[in-house]
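K.L.:
Heads up: the protein sequence lines correspond to chains S and C, in order. So in numbering that gives the first Met the number 0, spot 422 of the first sequence is number 421, and the numbers just go up one at a time. So in numbering that gives the first Met the number 0, spot 50 of the second sequence is number 49, and the numbers just go up one at a time.
One should not assume that every hint holds.
Stated by the list, open to error - Simulated coverage check for chain C against chain S, where a stretch passes if three residues somewhere in it have a Cβ under 8 Å from a Cβ of chain S: (1) 45-56; (2) 76-83; (3) 168-178; (4) 249-258.
Unchecked claim - The list that follows gives simulated cross-link-like pairs (lysine-lysine, DSS-like), each with its CA atoms no further than 30 Å apart: (5) C/LYS101 / S/LYS59; (6) S/LYS296 / S/LYS285; (7) C/LYS101 / S/LYS133; (8) C/LYS23 / S/LYS135.
Claimed, not checked - If you want the ones that stay clear, here's a sample from chain C, every Cβ over 12 Å from chain S, calculated: (9) GLU12; (10) LEU13; (11) MET16; (12) LEU62; (13) LEU128; (14) LEU132; (15) ALA133; (16) ASP228.
Hints listed in this document are in silico derivations from the structure and should not be mistaken for laboratory results. Ideal Cβ placement from N, Cα and C applies to all residues, glycine included.
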Amino acid sequence: MSDVALRMEHVYKKFRKGETFNSLRDLIPALTGTMFRQQELSQKDKREFWALRDISFEVKRGEALGIIGHNGAGKSTILKILSRIMKPTKGELAVSGRLSALIEVSAGFHQDLTGRENIFLNGTILGMTNREIKSKLDQIIAFSGLEEFIDTPVKRYSSGMYARLGFSVAAHVDPDVLIVDEVLSVGDYVFQQKCMERMREVINGGATVLFVSHNLKSVAEFCQRSLLLEHGETVTIGPTHEVISSYLNRSRSAHLKAAESKSVVISKVAVRNPAGECLRFHSGEKAWIDIELTACKSCSKLSISLYVTDEQYQSIFDTSTERLGYSNFSLEAGEIFTCTFELQLNLANGIFHPSILVYRYDTQTESDRWAPATTIYVSSDEDVRGAAHLFPKVTRQETRAEVANLMEMPGAAAVIPDVAPAKN
Amino acid sequence: MREELRELYKYRELLYMIAYRDIKVRYKQSIMAFMWAILMPILIVMSGIVVRYAYALAAHKQLQMADIASVAVKSLPWAFLVSSIRFGGNSLILSNRDLVTKIYFPKEIFPLAAVMSSLFDFVIASGALVVFLAALRIHVSLSLLWVPVLLLTLITLASGIGMVVAAGSLFFRDVKYIVEVLLTFGIFFTPVFYDAGMFGDKGKWLLLNPVAPILEGLSACITRQQRPDLPWLAYSVGFAVVSLFGGYVFFKHLEPSFAESI
Numbered sequence: 000m001s002d003v004a005l006r007m008e009h010v011y012k013k014f015r016k017g018e019t020f021n022s023l024r025d026l027i028p029a030l031t032g033t034m035f036r037q038q039e040l041s042q043k044d045k046r047e048f049w050a051l052r053d054i055s056f057e058v059k060r061g062e063a064l065g066i067i068g069h070n071g072a073g074k075s076t077i078l079k080i081l082s083r084i085m086k087p088t089k090g091e092l093a094v095s096g097r098l099s100a101l102i103e104v105s106a107g108f109h110q111d112l113t114g115r116e117n118i119f120l121n122g123t124i125l126g127m128t129n130r131e132i133k134s135k136l137d138q139i140i141a142f143s144g145l146e147e148f149i150d151t152p153v154k155r156y157s158s159g160m161y162a163r164l165g166f167s168v169a170a171h172v173d174p175d176v177l178i179v180d181e182v183l184s185v186g187d188y189v190f191q192q193k194c195m196e197r198m199r200e201v202i203n204g205g206a207t208v209l210f211v212s213h214n215l216k217s218v219a220e221f222c223q224r225s226l227l228l229e230h231g232e233t234v235t236i237g238p239t240h241e242v243i244s245s246y247l248n249r250s251r252s253a254h255l256k257a258a259e260s261k262s263v264v265i266s267k268v269a270v271r272n273p274a275g276e277c278l279r280f281h282s283g284e285k286a287w288i289d290i291e292l293t294a295c296k297s298c299s300k301l302s303i304s305l306y307v308t309d310e311q312y313q314s315i316f317d318t319s320t321e322r323l324g325y326s327n328f329s330l331e332a333g334e335i336f337t338c339t340f341e342l343q344l345n346l347a348n349g350i351f352h353p354s355i356l357v358y359r360y361d362t363q364t365e366s367d368r369w370a371p372a373t374t375i376y377v378s379s380d381e382d383v384r385g386a387a388h389l390f391p392k393v394t395r396q397e398t399r400a401e402v403a404n405l406m407e408m409p410g411a412a413a414v415i416p417d418v419a420p421a422k423n
Numbered sequence: 000m001r002e003e004l005r006e007l008y009k010y011r012e013l014l015y016m017i018a019y020r021d022i023k024v025r026y027k028q029s030i031m032a033f034m035w036a037i038l039m040p041i042l043i044v045m046s047g048i049v050v051r052y053a054y055a056l057a058a059h060k061q062l063q064m065a066d067i068a069s070v071a072v073k074s075l076p077w078a079f080l081v082s083s084i085r086f087g088g089n090s091l092i093l094s095n096r097d098l099v100t101k102i103y104f105p106k107e108i109f110p111l112a113a114v115m116s117s118l119f120d121f122v123i124a125s126g127a128l129v130v131f132l133a134a135l136r137i138h139v140s141l142s143l144l145w146v147p148v149l150l151l152t153l154i155t156l157a158s159g160i161g162m163v164v165a166a167g168s169l170f171f172r173d174v175k176y177i178v179e180v181l182l183t184f185g186i187f188f189t190p191v192f193y194d195a196g197m198f199g200d201k202g203k204w205l206l207l208n209p210v211a212p213i214l215e216g217l218s219a220c221i222t223r224q225q226r227p228d229l230p231w232l233a234y235s236v237g238f239a240v241v242s243l244f245g246g247y248v249f250f251k252h253l254e255p256s257f258a259e260s261i
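Full structure from sequences and hints, please.
P.N.:
What follows is the structure, encoded as C-alpha cells:
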C-alpha cells in the first residue's frame, strides 16, 4: 500500500459549543455542582456537535484531491486533523512523508523581525532545515518580489506583502504531501498566477496535494478527484466535474426548499445555446438564460434582475427587465411566468455565476433571489485576463527615438512598421 | 514517549530558532539593550543588600562583604528561574497563539525556548556578576566545579515547571495570575536575601523548597569555597528530574487538545 500518501478512515470529530470552563475559579464550583446535580451532565451533551462524521478517503501519491463545501461544512477541520494540529475524536489517519500545510502561511511571522529573519523563522517552523533555507533564500526572496523591503521589519509591510512573503516561504518547502487552504487568494493578480504556477510545479514534481477552496475553478484545474462535504459528512467523492455539478445541484435544491414561504419563487434557471442546454461557452458566443417564476400568492409590479458574478462572487455585470425597458408584470397565485435573457458573453477565460433576483419594481423590495443560480465556464483563445473580453488586437507597434536624440544622430531611430496581428 | 523525544530532537533547529527569535526581539528596539539582562538582577541584588543591612542593624553587627556576595550569587539564578517560568508560562497563550492553532510541531518547544532565552540573559548577567565578585575579592577554588551541576539542576527544574505552567495556563486563564503571585512572593520563602542557616534547626523546613538547596549550594561553593550540602542537593536533583519528566508527560498528554481549547 505504499502508493497511498494520505488516508483517513472513519474519522469523527466532536466539538463543544459555547463556553467551557476557562478558569479554575469556575471549574471548582462546577465540579462540586455536578456531583449533586445530574442534569448538568446531559446539558453538556447537548452542547456537543459533530464537526466531522465518518470521513474516509485515500489520496494516492502524486494525486491532487479537492475538498469543496459550504462554510462550516468541516473542510478546515479535515485539514487541521491531517496536519495533526487537532486529534480526531475517533478514527484513524495515516500520512506518509513530509507534510506541509499552506494554512495561514504567515502565522509564524514576528512583527519586529525583518523579512529576511522571518524567512528563516517561518521556514524552520514549516520544517525546513537552516541549510535548506540558506540554499533557497534567493529563490524565496525573488519569488516574493520583495527584494527592496527584505530587511525591513514585517510590521511595516502591507497585508498583501505580508501574505506574499508567507506564501513564498511555504511554497519552497518541497513537501511530499501539500495541504492548501484558500491561500491562493493572496496578493494581486500577477502574484496569484505565480502561486498557481508554483502549485503546478509542486504537483508535477510528484507531490500529493489536498486542496480546499471555494474557488471551483482552481479546484477543477488542479484536482482530478474531489470530495464534497456537507455538515461534516461526505456527500460524494469522485471525478471533480461530477462533484462540482452535484455541489451546484444541491445548492439549487436547497434554494427550492427555502423558497416555500415566499410569495414568488424562481423555480427554474437554465442556460442554453442554440443547440440546447449548455454550460460551456466560448468568448463572444451568445447564451440564452431561461427563467421561470412560480407565484404562490398574488403579487404585482415585479421585475427580474440578472447579474453575473465572477469566481470570487464579485458582481461584474447587472441588468434587469425594467432597466431594459420592459414593463413590470403582476402574477396571481399559481401562475407561472417565463422569460429569456439573451447575453453576448464577452467574457474572458473563467468561471462565472449568473444570478437572478426578483423584486417589486416600485418599492424595490426583494421577493426572491437565487445566487448563484448556475455556473458557466467560458474559454477564450486569446490570453486575456480579468473578467471582460474586449477582443483586443495590436494594430500598431513602433519604437521611436526622442526628438533630441534624433537631432544628434539622424538615421539612428529605428521605426518598426505596423505589425499586423497574427490572428484573423 | 520515546517517539515524542525523537520528534523533539528532529525539531531541535526550531527550538534554537524560537529561542533566538525571543532573544533578538527582546534586545531589538529596546533602549536598554543589554542592560535589560542586568537590570532585573541588579534590582534584586540591591533590595537584597537593603534587607541584609536591616538584619545587620537589628543584630548590631557589621554588614559583611561575604553576605553581599551571597545575596548577589543567589539573586541571579532566582531571576533566571522567575523569567523562565514567566516567559515559558505565557509562551503558548500570548506570544505564539497563532502557531499553536495553525501549524503542527512539538509545542514544548515554546516553554523550552523561553528557558533558553532566559538562560542567555542569565549568562550576560553572570558576566557582570563575575566582575562584581572579583571586586569583592572572592577567591577561586575547586569547589566551583559544583556550579555546573547546580545550574543544570536549576535549568531542569525551570523547564519542568515551565511546561506545566504553560499547559495549565492554556486551559485555565487564572493559572497565569496564580503563578504570577507565587513568583512575586516566592522570593520571601526562598533563601535569596537570607540564608537558611539563619533559622538554625528550623532552616531545614525552608530547604524543602527545591530551589533553596540549589541557591544555598551556589552560595556555599562560590562565596565560601565549600561543597554544597549533598543530601539536600540530591533532594533538589530528584525533584528537578521528577518535575521535568512529569511536566513533559503532563504537557504531552494535554497537547492534542491545545488547538481547540486555547
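K.L.:
Could you run down the list of hints and mark each one as holding or not?
P.N.:
For each hint, the structure was consulted:
Here's how the segment 45-56 of chain C fares: 0 of its residues keep a CB closer than 8 Å to some CB of chain S, so the rule of at least three is not met and the hint is violated. Coverage of the segment 76-83 of chain C by chain S is violated [criterion: at least 3 residues with CB-CB distance below 8 Å; count 0]. Requiring three or more residues with a Cβ within less than 8 Å of a Cβ of chain S, the coverage given for the segment 168-178 of chain C holds, as 5 such residues are present. Counting residues of the segment 249-258 of chain C whose CB lies closer than 8 Å to any CB of chain S gives 3, which reaches the minimum of 3, so the coverage claim holds.
Distance restraint check for C/LYS101 and S/LYS59: the Cα-Cα separation of roughly 25 Å lies within the 30 Å cut-off, and the hinted pair is therefore satisfied. Among the hinted pairs, S/LYS296 with S/LYS285 is inconsistent with the structure: their alpha-carbon atoms are about 35 Å apart, more than 30 Å. With a C-alpha separation of about 25 Å, the suggested pair C/LYS101 and S/LYS133 falls inside the 30 Å cut-off, and the hint holds. Among the hinted pairs, C/LYS23 with S/LYS135 is consistent with the structure: their alpha-carbon atoms are about 23 Å apart, no more than 30 Å.
Look at C/GLU12: its CB is around 6 Å from the nearest CB on chain S, not clear of 12 Å, so calling it non-interface is violated. A beta-carbon of chain S comes within 12 Å of the beta-carbon of C/LEU13; the shortest separation is about 5 Å. Listed as a non-interface residue, C/MET16 fails to keep its Cβ farther than 12 Å from every Cβ of chain S; the least gap is roughly 4 Å. Under the 12 Å C-beta cut-off, the non-interface status given to C/LEU62 relative to chain S holds; the minimum distance is some 43 Å.
Under the 12 Å C-beta cut-off, the non-interface status given to C/LEU128 relative to chain S holds; the minimum distance is some 29 Å. In this structure C/LEU132 is separated from chain S by more than 12 Å, as the shortest Cβ-Cβ distance comes to about 35 Å. Remark: the non-interface label on C/ALA133 is consistent with the geometry, its nearest Cβ contact in chain S lying 36 Å away (cut-off 12 Å). For C/ASP228, the non-interface assignment is confirmed: its Cβ lies about 36 Å from the closest Cβ of chain S, beyond the 12 Å cut-off.
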